[in-house]
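Chain E: place on chain C using the hints.
Those protein sequence lines, which keep their order, are chains C and E. Letter by letter, the first sequence follows residues 1 to 241 in the working numbering. Letter by letter, the second sequence follows residues 1 to 204 in the working numbering.
It should be emphasised that the hints constitute simulated quantities derived from the structure, not laboratory data. All the pointers check out, no bait thrown in.
With a straight-line Cα cutoff of 30 Å, these simulated DSS-like cross-link-like pairs (lysine-lysine) come out:
| no. | chain 1 | residue 1 | chain 2 | residue 2 |
| --- | --- | --- | --- | --- |
| 1 | E | Lys160 | E | Lys48 |
| 2 | E | Lys197 | E | Lys160 |
| 3 | C | Lys110 | C | Lys23 |
| 4 | C | Lys27 | E | Lys181 |
| 5 | C | Lys23 | E | Lys197 |
| 6 | E | Lys88 | E | Lys8 |
| 7 | C | Lys111 | C | Lys27 |
| 8 | E | Lys197 | C | Lys27 |
| 9 | C | Lys67 | C | Lys110 |
| 10 | C | Lys27 | E | Lys8 |
| 11 | E | Lys8 | C | Lys221 |
| 12 | E | Lys48 | E | Lys181 |
| 13 | E | Lys181 | E | Lys197 |
| 14 | C | Lys67 | C | Lys221 |
| 15 | C | Lys67 | C | Lys111 |
| 16 | E | Lys48 | E | Lys88 |
| 17 | C | Lys23 | E | Lys8 |
| 18 | E | Lys181 | E | Lys160 |
What follows is a set of in silico ranges between Cβ atoms, one per label pair, in the way DEER data are often shown:
| no. | chain 1 | residue 1 | chain 2 | residue 2 | range |
| --- | --- | --- | --- | --- | --- |
| 19 | E | Leu4 | C | Pro117 | 48 to 54 Å |
| 20 | C | Arg137 | E | Arg89 | 34 to 40 Å |
| 21 | E | Thr31 | C | Glu198 | 40 to 46 Å |
Quick look at which bits of chain E chain C covers, simulated, 3 or more residues with Cβ under 8 Å:
| no. | region |
| --- | --- |
| 22 | 8–16 |
| 23 | 83–93 |
Here the structure is a predicted model, which is why all the values come from computation and not from measurement. Ideal Cβ positions, reconstructed from N, Cα and C, are used throughout, including at glycine.
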Amino acid sequence: MSDGAYFQRDRQWHPPAYAPGYKTSVKRSPQAALISLNNTISEMTGPVFGHNMLGELDNDLVHNYAKPGESAIGQRIIVYGRVLDENGRGVPGALVEFWQANAGGRYRHKKETYLAPLDPNFGGCGRAITDDEGGYRFRTIQPGAYPWPNGVNDWRPAHIHFSVFGHAFAQRLITQMYFEGDPMIWQCPIVNTIPSREAVESLIAPLDMNNTIPMDARAYKFDIVLRGRRSTMFENRMEGN
Amino acid sequence: MQGLDQLKETASQTAGPYVHIGCVPNFCDITGVFPEDLGCRMVNEHTKGERITVRGRVFDGTGTPLRDALIEVWQADAEGLYPSPQEKRGMADPNFTGFGRSPGDMATGEYVFETVRPGTVPFIDGRPMAPHITFWVVARGINIGLHTRMYFPDDEEALKADPILMRIEHQVRVATLVAEKTGEAEYTFNIHLQGPKETIFFDI
Chain C
1 MSDGAYFQRD RQWHPPAYAP GYKTSVKRSP QAALISLNNT ISEMTGPVFG
51 HNMLGELDND LVHNYAKPGE SAIGQRIIVY GRVLDENGRG VPGALVEFWQ
101 ANAGGRYRHK KETYLAPLDP NFGGCGRAIT DDEGGYRFRT IQPGAYPWPN
151 GVNDWRPAHI HFSVFGHAFA QRLITQMYFE GDPMIWQCPI VNTIPSREAV
201 ESLIAPLDMN NTIPMDARAY KFDIVLRGRR STMFENRMEG N
Chain E
1 MQGLDQLKET ASQTAGPYVH IGCVPNFCDI TGVFPEDLGC RMVNEHTKGE
51 RITVRGRVFD GTGTPLRDAL IEVWQADAEG LYPSPQEKRG MADPNFTGFG
101 RSPGDMATGE YVFETVRPGT VPFIDGRPMA PHITFWVVAR GINIGLHTRM
151 YFPDDEEALK ADPILMRIEH QVRVATLVAE KTGEAEYTFN IHLQGPKETI
201 FFDI
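Just chain C, with the same shape it has in the complex (with noise of 0.2 Å):
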């Protein structure tokens, strides 16, 4: 059972390659169509990483750069979930990458040339492998809105990136998780990629004051969902596969 092809991507809920409102997909978006290919065992299969791969503090980005008994400055969260399928079934196993800028939206990147500060006590990435149930979480601060260069006056929402490995590379994704109420989100030309209302609430984390630590960290929930795969009860697979 489960162990044939992925669904289908939806690629009328994922933002389009082209999407003038973020100028640089402009230069950077293929013209000709994609070529459509049934999983093979190149698609069907991915890389799984295991546990003894994490150290102690990679899910703790308050810490896991900080001096010995610093810690990074801003709001205290953890950002918890489930990495799930399209059939709603736990994905075990899975590597969770995050990324994000400090509390003042500033980025540990040469690259970024930002006016607010950086903090010397936070690097900004962590990761996680889920649970028998799919389950993750992390500590981190909560990252400031920064502008960045697309219109004259863009700015990004609060956002923490994510990379996630899923059992083949077929599910293999990166997105971004937003908050609860920010009202940055609704003017984001990159989260305006995307082109349902319905899909960009499916990346908006809410605030969850049931698993927030009281004098210690408030809690976002963000779950995550890879693509689903097909039965195979029916399906006549030569050997080999």
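Okay, now just chain E, sitting in the frame of chain C:
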């Protein structure tokens, strides 16, 4: 009517210009968090097969190389087996990761992989596919990761019989998937995102 009870896949967003922070932090001078960048070594001294170097650049629609792309590859080992739990045909070389990740050089845009030449793997109906490396490209300005494949120019007969390449309508475009041999064991595979030399990208 009953519902299908299926979820929608999370919508993709661009990896942005600072993808390096999360995916290759050591490359962009964020050191001390991860011991090394994921996917930076595909082989070790015990890996079986013919060692090759694959390098290239990604170009935009004006012919300008991207200097902020992140390239990932996935390939079979020298015997044509994938080092994945989903591989049911046998045990892949334990000294080969099959997965590589390389950022383009910040000045030139060049990516590099030190790997082995992949063996042949079967198509869905059992016919052999020509040896290939699967590529996935993300960058600022790319809203959803682009999948393509690199094939080898020395596999002339296998290329002609490849079940995927054979059925591409515009055969003139197949050449965009074939690397150039630029050294004894070195292949150059340039990716053109847009325009007359546009690389074939797949919806997989």
